[in-house]
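Chain L is already provided as a structure; the job is to place chain U on it using the hints.
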Amino acid sequence: MAIIEMRDVNKWFGSLHVLKDINLDVQKGEVVVVIGPSGSGKSTLIRTINALEPIQKGKIVVDGIDISNPRNIDAVRKEVGMVFQSFNLFPHMTVLENITLAPRIVRKWPREKAEQIAMELLERVDIADQAEKYPAQLSGGQQQRVAIARALAMQPKIMLFDEPTSALDPEMVGEVLDAMKELARSGMTMLVVTHEMGFAREVADRVIFMDMGEIIEEGEPDQVFSNPQHERTQAFLARILH
Amino acid sequence: MRVLKALAWSVVALAALAVGYVVFFNGIEAALRWYFTVTNFTASKVPNFAHNLRLGAEVTIKLTVISSITGLILGLFAGIARLSKNPLFRWPAQFYVWVIRGTPLLVQILFAYNALPFLLEPLWKYLQPLGVPPIQDVLTPYWAAFIALSVNVGAYNAEVIRAGIQAIAKGQWEAAMSLGMRPFQVMRYVIVPQAIKIVVPPLVNNVIALLKDSSLASVITLLELVHQGQRMISITFRPVEVYIAVAAIYLILTTVLTFFTDWLEREMAKRGAAT
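As you go down the protein sequences, you meet chains L and U in turn.
Each residue of the first sequence is one higher than the one before, counting from 1 in the working numbering.
Each residue of the second sequence is one higher than the one before, counting from 1001 in the working numbering.
The shape of chain L in the complex, shown without the other chains (with noise of 0.2 Å):
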């Protein structure tokens, strides 16, 4: 059975149907990339995967929860981490507490617990030895490294990438898409809307790409990158791969 099962989701904001009847399965521990232009519903259709999204029509269904129902809506939310273009760490907190905050009261960890497995997760991103300094101290890079330590300390069973690296400067770009595949290799069940294409070459099982609102190509990275089947996918690889 699928972890995430997505069947005739629609979305509107307002007028604007940006989600049009889209079906998705993601298999347990799958990689999947999504790409296409901007505006195509690439951001949206991962985030009604967590319902910070609400959908109109259609069922989404992840780790058997109906997310549907807004009583599931919590128990979802545990099980599906979530990373940030923006990165969206709390200015207010050091790197540590950042990480722990969440398992501290939504899990209802003791400190000792939820710090200790803060500090091995900063330790798998590789900068365990900023775990004091406040997010305003640290790289973009950096930022967004601990940003997928936070999301990893509540043990979810999905991780969703927002653009993971579009904020960041071209040379902190590969430290972040090098944590990103650590963790692919790990078994995480992976969404990732990305304009890497290396990184969707090397990692991803599936590569979507999606326009206006709907699903128009889906395949193995090497089958849609190198011989895309549709016309839309063609003009938008021929745009953006050189």
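There are no misleading hints in this set.
In silico DSSO-like links for lysine-lysine, alpha-carbon gap of 27 Å or less:
#, chain 1, residue 1, chain 2, residue 2
1, L, Lys-133, U, Lys-1270
2, L, Lys-57, U, Lys-1170
3, U, Lys-1170, U, Lys-1085
Keep in mind that the hints were calculated from the coordinates and are not lab data.
Predicted, not measured: the structure shown is a model, and the values here were computed from it.
For chain U alone, coordinates are given in the frame of chain L:
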């Protein structure tokens, strides 16, 4: 250990505050005595005049402090309620802010003192048999002024707090919600601590305004600073010296408040590097 330490510190701070309060007002009284002596007021009456003005200043500061605290709590609830999606919370808060900011404080004070007892009379029919003192004894000038000033500053605080919360980027909400926090937890741990830094300077402005506006309570015979001054003028017929003294005391009180809040702002800036 942590709790004990915090407790010990609060005791020390409270004691220091109490000592500081007494020293400060004794200083004011001594200064007034010197001032009225060099301005040739009847020597035998000087200690009495100085003492009365000091008492007036104490009423003013006490009224300001308790109204500020109550107004802060009112403002916090009303400010958050104004942002609620639920009209049952939002509309009453909007109505409250609209009425209070749209009417003069003087009218609100007169209303609290003269009209509120009539409105509360039906309620007192049930309360008085339970041992509650009669309404006239409860709504003294002091407590009527307290109600009017708290409710008044609460409405202005609500607007400051609403703006402060709205100034926190939407991404903070989304990040916290995506971690599974409930709206109340997001407010408590993420939004309010950041908003505080934004709202403290304008809230302090409101307190300073409140300190000065509390002088309006002289119209309901509250013996605060201005009313004590007026009584003294009616005895001495020397408005120049007395009003200068009254104004000087207000100036000292607002200056002390400004120093305190400048310090508070610096302390808050030290903690938590940046926003």
